[in-house]
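Chemist: Protein chains in written order, with our numbering: chain A, 21 to 744; chain B, 235 to 392.
There may be inaccurate statements among the hints.
[To be verified] Within a straight-line C-alpha distance of at most 30 Å, the following computed DSS-like cross-link-like pairs (lysine-lysine) qualify:
#: 1; chain 1: B; residue 1: Lys314; chain 2: A; residue 2: Lys252
#: 2; chain 1: A; residue 1: Lys582; chain 2: A; residue 2: Lys456
#: 3; chain 1: A; residue 1: Lys181; chain 2: A; residue 2: Lys213
#: 4; chain 1: A; residue 1: Lys676; chain 2: A; residue 2: Lys332
#: 5; chain 1: B; residue 1: Lys382; chain 2: A; residue 2: Lys582
#: 6; chain 1: B; residue 1: Lys382; chain 2: A; residue 2: Lys314
#: 7; chain 1: B; residue 1: Lys253; chain 2: A; residue 2: Lys289
#: 8; chain 1: B; residue 1: Lys253; chain 2: A; residue 2: Lys252
#: 9; chain 1: A; residue 1: Lys568; chain 2: A; residue 2: Lys696
#: 10; chain 1: A; residue 1: Lys676; chain 2: B; residue 2: Lys253
#: 11; chain 1: B; residue 1: Lys382; chain 2: A; residue 2: Lys676
#: 12; chain 1: A; residue 1: Lys252; chain 2: B; residue 2: Lys289
#: 13; chain 1: A; residue 1: Lys238; chain 2: A; residue 2: Lys252
#: 14; chain 1: A; residue 1: Lys238; chain 2: B; residue 2: Lys382
#: 15; chain 1: A; residue 1: Lys568; chain 2: A; residue 2: Lys556
#: 16; chain 1: A; residue 1: Lys252; chain 2: B; residue 2: Lys382
#: 17; chain 1: B; residue 1: Lys382; chain 2: A; residue 2: Lys623
#: 18; chain 1: A; residue 1: Lys252; chain 2: B; residue 2: Lys304
#: 19; chain 1: A; residue 1: Lys582; chain 2: A; residue 2: Lys623
#: 20; chain 1: A; residue 1: Lys589; chain 2: A; residue 2: Lys568
#: 21; chain 1: A; residue 1: Lys589; chain 2: A; residue 2: Lys314
#: 22; chain 1: A; residue 1: Lys314; chain 2: B; residue 2: Lys304
[Unchecked claim] Derived contacts from chain B toward chain A, CB cut-off under 10 Å, selection only:
#: 23; residue: Arg262
#: 24; residue: Lys271
#: 25; residue: Cys368
[To be verified] Some residues of chain A that are not near chain B, with every Cβ distance over 10 Å (derived):
#: 26; residue: Leu176
#: 27; residue: Pro241
#: 28; residue: Glu286
#: 29; residue: Gly357
#: 30; residue: Glu512
#: 31; residue: Arg528
#: 32; residue: Arg726
Worth flagging that the hints you see were computed from the coordinates, not collected in a lab.
Glycine residues also receive a C-beta, built at the ideal position from the N, C-alpha and C atoms.
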Amino acid sequence: MTPKPKMPFTIEPERYELTAPASYVFQSDRREFFKFLGAGLFIATAFSKAEASQESGAARRNPEDSLPQEISAWLHIGEDGTVTVFTGKVEVGQNIRTSLTQAVAEELKAPVQSIRLVMGDTQLVPFDMGTFGSRTTPIMNLQLRRVSSAARDVLLAMAAKQWNVDPARLHAEDGMIADPQTKRSLSYAQLVKGQQIAQVVPAEDPLILPTEWTIAGKALPKIDGRDFVTGKHRYPSDQQLPEMLYGKVVRPRAFNATLVSADTTEAEKLPGVIVVRDGNFLGVAAPSSATAEKAASLLRAEWKAEPQPSSKELFEYLKQNQLPRGERNDNSRFESGNVDTVLASATRQLQQTYNVNYIAHAPLEPRAALAQWSEDHLTVWTGTQRPFGVRSELATAFHLSEEKVHVMMPDTGSGYGGKHSGECAIEAARLARAAKRPVKVVWTREEEFTWAYFRPAGVIDVRSAVGGDGKITAWEFHNYNSGAAGIRTYYEVPNQRIEFHPVNSPLRQGSYRGLAATANHFAREVHMDEIAYSLKMDPLEFRINNLKEERLRAVFAEGAKKFGWAATKPANHGFGVAGGFEKLGYVATFVEVAISRSSGDIKIRRIFTAFDCGAIVNPDGLRNQVIGANIMGIGGALFEAVEFENGRVLNNLFSKYRVPRFSDIPPLDALLIDRKDQPPVGAGEAPIVGVAPAISNAIFDATGIRLRSLPLAPLLVPHGLRLS
Amino acid sequence: MGETTLQINGRQYQFAADKETPLLTVLRELLDLTGSKYGCGEGQCGSCTVLIDGKARRSCMVPVWAAAGKQITTIEGLAKGEQLHPVQQAFLEEGAMQCAFCTSGMIMSAVSLLNATRNPSEVEIQTAMQGNICRCGTYPRIVAAIRKAATLLQGAQS
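So here's chain B without its partners, still in its complex pose (with noise of 0.2 Å):
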């Protein structure tokens, strides 16, 4: 069990970990940073999705060894301070949420898709969407939140 160092919302942080050890197990039980959720544990679900270097990764799936280096972020660290993300924004004004358990990894896939897409259209966003499972079925205001924060995105970036 070696010493690793992840870059995570712009810290660096320092633990003693087996290379193998997912990524989503490290952030929930050494770091507590418990935002990312375990759900499937097979990257079926999209509960526990973070960013790498800016894009979507399922965090279960991700050996600590090969976040290494890289830009991590997880929904901790979307917001500045207390201004959120216009994706979690989106989310809040949307009501897209109900147990809210799939939120979090909802808000990471989103903000990857809204980082490599500006406008996406209705069929990128179920692509980009299709790996993160609502099981209360909030799938349409979700829709609407991301449809909302490309909006916000675009007048914050004009």
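Pulled out of the complex, with its shape left as it was, chain A reads as follows (with noise of 0.2 Å):
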């Protein structure tokens, strides 16, 4: 057997995000809720047919509750008014416990000190593929809408029973039933008390209209906000078990080794110390870390590794390694008009290539699991983004069926989707087998650095044409390797060739905040902004002047006059502007640059954007995301790059490879448009996308050097000029 994990990310990192879900089991039936929440009224929605095939939900096991095969959320309100509301998302820093705890409380009319969040438990939750692509909002929070919807029905019917009178006439509202006639009311605790009552209905509309929102759609703070300062709060990292182990797994000096030999005669010396070597795992377990990282030490293990190729030569090499045609998806070619027969004949016409690094994620909590073994039972609390997607790589690493498997994830310390994977989980699970002992194994920063994946990097080839008149005539756009997210493009062009290139990557690659999109923006964007100086056309004019979507025209517009576009520049000041559309999201990024001619100091004065997401469920956590997600970008825009050499990450730790910090940080403001008419969408990623093109566009306005490779800092140094 092999204990090391699949990589399902080494192609194409969307295709492996939208890996449609088994038929997974929902593990415990009614009568196990009663045991574990008491008495009370449990209710599950079903799926609509339409939705049946989508990411969450689960079928039940049990044929004599006869319950509908698909069942896509569940909560359960007990004796002491307490909602339990179950959803296979997970919490990462994103906030989504308090702005789906927020859902729950509009929709069921609860206070929101009432409501509790189960997130993430293999064994309690409905199946869900995963907390990325920014789904929760458009999905999981509409889910658990409809099923506290439902729930809130449920309870006005028990009260008009118990008074005897229509439920039309009754009012909920702070976790009351009243009855405005007769003044009487029942808390939803009175209601449910020495109730077993469990009821499969519909999921269905109509819900409360944004415009009508009295919980969500306002600010309301972290929940559980003070175990976080008072640093109460147990991430994965942070869980033990009595008698637990620490693991320490050893590894090879380069990617795609073979372990040919290993003396473990020193490390199982040491007292405590339990040696595994399986396949290519090798790995110990002590009773302390440090004793963990001396057995380590004293392995003496042999690695055959392959020359790989080097970050020097990344680009050449992306352009050399494409896959066959016949490994490609389909989906990955979009092709409209007639783009050669334009390109052949046009006058007008530009053709460039942009290039972006290998980002590491580096979230500042790395990769963390405890495993525990009962008999052929294995629990894993770990840090993930798809904890079913764990259980699954478990279940195959260990030849058990998914019933056996029992993952729970803590709220953890970040992911930005560099924690979809269960490598860790897997390794101390090994090692857990072993020594017949829980063990915990939490990466070094080294490891998180050269053992998790990365966002894949990419050369992007970008040929346009357009006419006199300003509009773009013919697009031809090739990725090859980045990914295909937001690979469209957005702008009116009759002609268009777009095409995603898998390639053989040199590192293992994955998913990110934004995926492709960062990539593809960045080409996209700084390519609009080169069309639009060759026509000498104002950037912002010439986006718009291409542009029909009224949801991004009234972003970049509302942008542009909060932001002061028009305004006149200071000397030696440039402005950049940069849009986009992106995980149902519309975005556009102003930012403003100074430059100093004595000194070539470099200096991003402000970043401005605008951003509408539908309807805004928690403006306060959606600034946080919004600015947040602005800052990641300024680290992979200016400053942030993977170097490797022959199968090793040269940048392996925060004193080599920079993030941003205090003193990286423009002044940043934001503009969000709450769309009340349209529904509330994800976040989390779309605000990432137009930051590096604003920025190497402010560059160009500012100084006439035109930037088209990511990170941006390096290629100002032979121009005498830097960032400061």
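With the hints as a guide, dock the two chains, each given alone in a separate frame, to form the complex.
Modeler: What follows is the structure, given as structure tokens:
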């Protein structure tokens, strides 16, 4: 058997993210729920048929309970009025524990304080593909609103029956059902007292309209915030069990290495140390982390690895190592009109290449897992964006059925798309099985920088033609390796060829905040700027001139007004703009830079974002996400790049890999357009896509130097410039 | 491996550990004080920040022998019973966290700054906090929280 994880990321992250779920089984029947939660009211909503194939939900195992096959969400109201809501989405800092609680409170008409979310526990929550792709708000928020709305209707009916009145005249508010005519009222707790009611109801609209929200749509501080400022919250890396050992994995010096031999004698002499060698896996478990480290250092392992490419030759390598056409996804190519004919005859055309480097997610909490076996049952606490995916990986690695694997996900120290995989969980479980005791593995920062996966690097070739009226007539766009997310242009172009070319990536790669949309927006929005300048047109006007989409036009126009795009710039200042449509959100980013002609210092003076993600669920949490995405974007735009050589990452520490710090942050502001007429969508990703191109465009505006590769800062050096 | 005694959060802890063990490891593994976080192990991210005699120190870089005989404060010891320290209160009020893994280190660095400088300037805040990474990018709110805490502390002292 092989304890090493499969690596599903090596080809195309988008394809991976869209993988359809297997048919999973709802593991607890309702009697187990009542045992776990006590008496009360248990409400589950069934999917509509159209949704049954979507990403969340689970079939029930117990046929005698005769429930419909597809359940989208469930909640429980206990005898003390506590509402427990179950979701497979997880909290990694995007504050969905808070925004989902608001959604439930709104529809159920229950106080926020009475609601508790159980998240990412594979034994208790409905199946969920994972927390990525900005899908929590458009999908899970809706499902929880529906189950809450259904539960409220059941409570109304219960009260109506008790009072023998028409439910239509009753009113739900603040955890109570009231009868305005008789002035009687009953709390939810009173209504469910002594009951063991379980109902499955269809997930139906109508829901409360955003214009009528009283709890959602408003700022609500982070749920359990106090636990985070007092250090009380236990992240995955803080989990402990009695008798627990500390695990350490021995890593090869290069990627894709094979373990040839291992001398374990010296390590095994240390008291309490267990050494495991299994295929390419070599690891130790010990009573303390210091002993585990010492034991690992005493292992004499010999590895064999082939020579591998280095970051110096990365972009040539990507162009030269495309996968054969037969192995590609047909969806990765889009064509309309006749791009070749138009390009052949166009007088105004432009051709450029744009590059992006591999970057690291570098979540502040490295991968961590605590694993415990009880006979052939495996329980794992780990930080992952895909608890059910990790359950599958564990089941595969240990040849177990999935019912024997229980994954729990304590609120985790961030992910940004970087914690989809279960390698650390598998490592802890492998060591725990050998040790016959619980084992915790926490990756070091070096391990996280090396053995996690990376945001894909890419080469993007763009060729365009434009008419004298400033309308784009042809658009050819080829992305090598970085991915297909956000690859399609939202500008109106009659003749297009857009293609993603998968590459045999030299590094393990996977999801990231905004995925390939950061790369594709960078190339597209810098190229748009180049066309505008070649036409001597205002870059903003040029964009709007080629746009029909009303909401995208709106963020450009509204943002420009607030930013002061039309204002006269001070000498040696430059303005840049970039915009886009990603994960159903519309964004426009505006940047001002200033250059000192004497010192060559370039400083970002301010970044302004206009963002429309539909009806806003929590304006405070949203602002935090938007500004946070901007700041993360600054890192990738200016200085982040994974340097590697012959299968090793060279900058595998925070002292070598620069991430944004306090001094790197310019004034940031955002215009959040609250479209109460539109359904709410996700916001964690879209606001990152415009940052890099807007900075590059602003630098061009100030200096006349066009920067077409990320990160930008190293490209300034040959021009005698530097970011300050 | 000798017996070591440490003064942490006003309590005396006795344990057996190698004298070179980083203070962070002792806190997390032996004393179950997990509020101080491991983020890098090289003093670069600030997640493990504690106060030693009132000053911010990276506990991953402090060997346990160097902490002996000093007053150590961790995030767990900052509040007085139910009453949060003004810096904790300000972080809550400003929503100055996302995943919050950096938060305890941020708070300890901020307390150290405000211990030394009652009303820090923008540059003083930046300098004092530069060693703390927030990968979620909550920096502007953290600065706002430190400003608010400075005001709260001044109010408490006047």
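Chemist: Next step is simple, just say for each hint if it's right about the structure.
Modeler: Status of the hints after comparison with the structure:
1. B/Lys314 / A/Lys252: holds, 14 Å
2. A/Lys582 / A/Lys456: violated, 62 Å
3. A/Lys181 / A/Lys213: holds, 15 Å
4. A/Lys676 / A/Lys332: holds, 17 Å
5. B/Lys382 / A/Lys582: holds, 27 Å
6. B/Lys382 / A/Lys314: Violated, at roughly 46 Å.
7. B/Lys253 / A/Lys289: holds, 22 Å
8. B/Lys253 / A/Lys252: With a Cα-Cα distance of about 27 Å, the restraint between B/Lys253 and A/Lys252 holds, given a limit of 30 Å.
9. A/Lys568 / A/Lys696: Answer holds: A/Lys568 to A/Lys696 is near 21 Å, not above 30 Å.
10. A/Lys676 / B/Lys253: holds, 29 Å
11. B/Lys382 / A/Lys676: Status violated; Cα separation ~33 Å.
12. A/Lys252 / B/Lys289: holds, 22 Å
13. A/Lys238 / A/Lys252: holds, 27 Å
14. A/Lys238 / B/Lys382: Measuring from Cα to Cα gives roughly 22 Å; hence the hint holds.
15. A/Lys568 / A/Lys556: Given pair A/Lys568, A/Lys556 holds - Cα atoms ~22 Å apart, limit 30 Å.
16. A/Lys252 / B/Lys382: Given that 30 Å is the threshold and the Cα spacing comes to 23 Å, the pair holds.
17. B/Lys382 / A/Lys623: It holds: about 27 Å lies between the C-alpha atoms, which stays within 30 Å.
18. A/Lys252 / B/Lys304: Holds, at about 24 Å.
19. A/Lys582 / A/Lys623: holds, 21 Å
20. A/Lys589 / A/Lys568: holds, 29 Å
21. A/Lys589 / A/Lys314: Between A/Lys589 and A/Lys314 the Cα gap is close to 60 Å, so the pair fails against 30 Å, i.e. violated.
22. A/Lys314 / B/Lys304: Between A/Lys314 and B/Lys304 the Cα gap is close to 29 Å, so the pair holds against 30 Å.
23. Arg262: The hint holds - B/Arg262 has a Cβ within 10 Å of chain A, the shortest such distance being about 8 Å.
24. Lys271: holds, 7 Å
25. Cys368: Nearest chain A Cβ about 7 Å off; hint holds.
26. Leu176: holds, 35 Å
27. Pro241: violated, 6 Å
28. Glu286: Holds, because the least Cβ-Cβ distance between A/Glu286 and chain B comes to about 19 Å, which exceeds 10 Å.
29. Gly357: holds, 41 Å
30. Glu512: About 34 Å separates A/Glu512 from the closest Cβ of chain B, which puts it past 10 Å; holds.
31. Arg528: holds, 20 Å
32. Arg726: holds, 27 Å
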